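Q: Using the hints provided, position chain B relative to the given structure of chain A.
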Amino acid sequence: MNRAIGSRHWAGATSFWLCLCLFLGSGLLAASVRAELVVIMHPDSALPSLSRQAIVNIFMGRHFRLPGGGAVVPVDNQCCREQFYRDLVDKTLPEINSYWARLVFSGRGSPPQKISTDAEMLDLVSQNPGVIGYVERSVVDARVTVVYALSP
Amino acid sequence: MILRTWSPGIHFRSTVFGLVVAALPCAPVVGAGGTPGGWLPEHVSVAAFGTLSLAYNDNRDVEFVRNLSQPDGARGGFSALPDTILGAQVSYRPSSRWELVLQAISKYDYREEATPTISWAYIGYAPGPHSSLRLGRIGVDSYLDSDTRNVGFTYLPARRPIEHYGLLELTWIEGADFTTNTEAAGGILTAKAYAGLAGEKIADRDQQRYSLKDSRVVGGYLQQQWGELRLRSGVSAIRLQREAGALEPLLAGLSGLGMPEADRLAADLALEGTWIRNWSTSLAWTQGPLQTELHYNRRQAESLGLADGYSVYALAGYRFGAITPFIGYVTADSKSSRRDHGLELPEPVEFLFRSALYEQRSWQLGARYDFANKAALTLQVDRVDAPVPEGALLRQSHPGWNGEATVISLTLDFVL
Numbered sequence: 001m002n003r004a005i006g007s008r009h010w011a012g013a014t015s016f017w018l019c020l021c022l023f024l025g026s027g028l029l030a031a032s033v034r035a036e037l038v039v040i041m042h043p044d045s046a047l048p049s050l051s052r053q054a055i056v057n058i059f060m061g062r063h064f065r066l067p068g069g070g071a072v073v074p075v076d077n078q079c080c081r082e083q084f085y086r087d088l089v090d091k092t093l094p095e096i097n098s099y100w101a102r103l104v105f106s107g108r109g110s111p112p113q114k115i116s117t118d119a120e121m122l123d124l125v126s127q128n129p130g131v132i133g134y135v136e137r138s139v140v141d142a143r144v145t146v147v148y149a150l151s152p
Numbered sequence: 001m002i003l004r005t006w007s008p009g010i011h012f013r014s015t016v017f018g019l020v021v022a023a024l025p026c027a028p029v030v031g032a033g034g035t036p037g038g039w040l041p042e043h044v045s046v047a048a049f050g051t052l053s054l055a056y057n058d059n060r061d062v063e064f065v066r067n068l069s070q071p072d073g074a075r076g077g078f079s080a081l082p083d084t085i086l087g088a089q090v091s092y093r094p095s096s097r098w099e100l101v102l103q104a105i106s107k108y109d110y111r112e113e114a115t116p117t118i119s120w121a122y123i124g125y126a127p128g129p130h131s132s133l134r135l136g137r138i139g140v141d142s143y144l145d146s147d148t149r150n151v152g153f154t155y156l157p158a159r160r161p162i163e164h165y166g167l168l169e170l171t172w173i174e175g176a177d178f179t180t181n182t183e184a185a186g187g188i189l190t191a192k193a194y195a196g197l198a199g200e201k202i203a204d205r206d207q208q209r210y211s212l213k214d215s216r217v218v219g220g221y222l223q224q225q226w227g228e229l230r231l232r233s234g235v236s237a238i239r240l241q242r243e244a245g246a247l248e249p250l251l252a253g254l255s256g257l258g259m260p261e262a263d264r265l266a267a268d269l270a271l272e273g274t275w276i277r278n279w280s281t282s283l284a285w286t287q288g289p290l291q292t293e294l295h296y297n298r299r300q301a302e303s304l305g306l307a308d309g310y311s312v313y314a315l316a317g318y319r320f321g322a323i324t325p326f327i328g329y330v331t332a333d334s335k336s337s338r339r340d341h342g343l344e345l346p347e348p349v350e351f352l353f354r355s356a357l358y359e360q361r362s363w364q365l366g367a368r369y370d371f372a373n374k375a376a377l378t379l380q381v382d383r384v385d386a387p388v389p390e391g392a393l394l395r396q397s398h399p400g401w402n403g404e405a406t407v408i409s410l411t412l413d414f415v416l
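Line by line, the protein sequences are chains A and B.
All letters in the first sequence, in the order written, are residues 1 to 152 by our numbering.
All letters in the second sequence, in the order written, are residues 1 to 416 by our numbering.
Chain A with its partners taken away, still in its complex shape:
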């Protein structure tokens, strides 16, 4: 009888740890398969790369100039906006919207314009030297240049 109970406990504990490992493993797997995002500009921008802080300043509406002095216009990509701000500043979309509401309702700025897909972003950036955007690395082609890669 006691052995049967002990056996059931053992089986229950094993199941629990198995489920926990599967749960954590699936989370890690999900994190590991998140796409890598890259920040892109027109090849004529002549910038080998940008610093993370420069990208934060541009996309958070603080400073719209490149290190070389040229003006730049940030554009958000709807398809990966949530991941972009998570990776860039570890903020959720409600926090980003709250941040922009503070600027909009104090007259200090407007959030970046938004486009819907990676393909539209590539078209937009490749045709406008002053625009900066972001896409998944897997879709990048020769029409744009990568100025920063975000770790997922």
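Quick caveat, the hints were computed from the structure, so don't treat them as lab data.
Among the clues, some could well be false.
To be verified - Okay, the calculated bits of chain B under chain A, using three or more residues with CB under 8 Å as the criterion: (1) 134 to 141; (2) 150 to 161; (3) 220 to 228.
What the hints assert, rightly or not - Counterexamples of contact, computed for chain A against chain B with all Cβ distances above 10 Å: (4) 122; (5) 136; (6) 148.
Here the structure is a predicted model, which means the values were calculated and not measured.
Heads up, the beta-carbon is just placed ideally off N, CA and C, and yes, glycines get one too.
A: Quick look at chain B alone, frame taken from chain A:
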């Protein structure tokens, strides 16, 4: 238990205004820049914000208010009056340099109603990407982020505390401001200057209204941003243009004594033509899920009818998933401006000196739940303590009130 809702005094227009704001999400297109084919003309954008709130004050001996423009609020029960706010903004930007902005806001104030008022109406010009000039009715940010104190979605607590933000309800001026920023010291340096005339009214402790209309306002600040750290220091000053109605009989009585000392005292007590200066320094730091703020403000008043004072406000929150618990502490204190004028002061004057004093501190404990990308619920408990009940920043306290109150607030904040 008393369930207080919007008072019957609320004007019909506020209802219409609320309906307009509530209808915005149903509109086919709401977007910056006016989407071609949408209902907005090109270059026109509409935005709105709001807070729907219930505050419960457990104390029947005092009215809990959000700021000094409110004559009453929550007492011994629930009230939607202190924190319920609706606002809408329409912008027209024909180019990257020019903009026309109109903003209206509906909130309970000194009129004992919530009729919408125009809080902004300005034309803006940006000579370059890092500077802007605005002319018209513009928001005033005497303290860090005080120009968005009515937009609850932009901060963690249910409200910005009265002890720091609510002492002077100066939210707009009619004038001009100029803002510029540049890269400096490894970060971004922002400078702003403003000047104009005030136009708002406040409800004082004696339930009388005091008008700031035509009072001159000047101010400015410097802000340095290093990454997610903001450090801001500035000053704002207002030259009161009018005498307080409650003071006039006293001043006339003193002047009528025919004594030089009494004349001098009357001149020292008068508000008209005197300056109030607010020096403020703030630090705000955010790092991923962490948000912190520390504020200090010092008030200096030329009139002896107003006390000098200071306030300190600290706030910290940390996000877990969609929920951000936070804790805040604020204290405001003042010192008597009473001086020896060579007179034995009559009781009304002594009372004036005493009533000008304020001292109050509060703990804020709560949590914000971001249940949608542009909406959040906040549950908050405020523990208010006024060591000298007569110096509380709350309203209409009954004799015998012990200076304490516990307020529980539930707010729904949103932006559109």
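Q: Could you run down the list of hints and mark each one as holding or not?
A: Going down the list of hints, with the structure as the test:
1. 134 to 141: holds (count 4)
2. 150 to 161: holds (count 4)
3. 220 to 228: holds (count 3)
4. 122: Holds: least Cβ distance 21 Å, greater than 10 Å.
5. 136: holds, 21 Å
6. 148: Residue 148 (chain A) clear of chain B: closest Cβ-Cβ about 16 Å, beyond 10 Å.
Of the numbered hints listed earlier, not one is contradicted by the structure.
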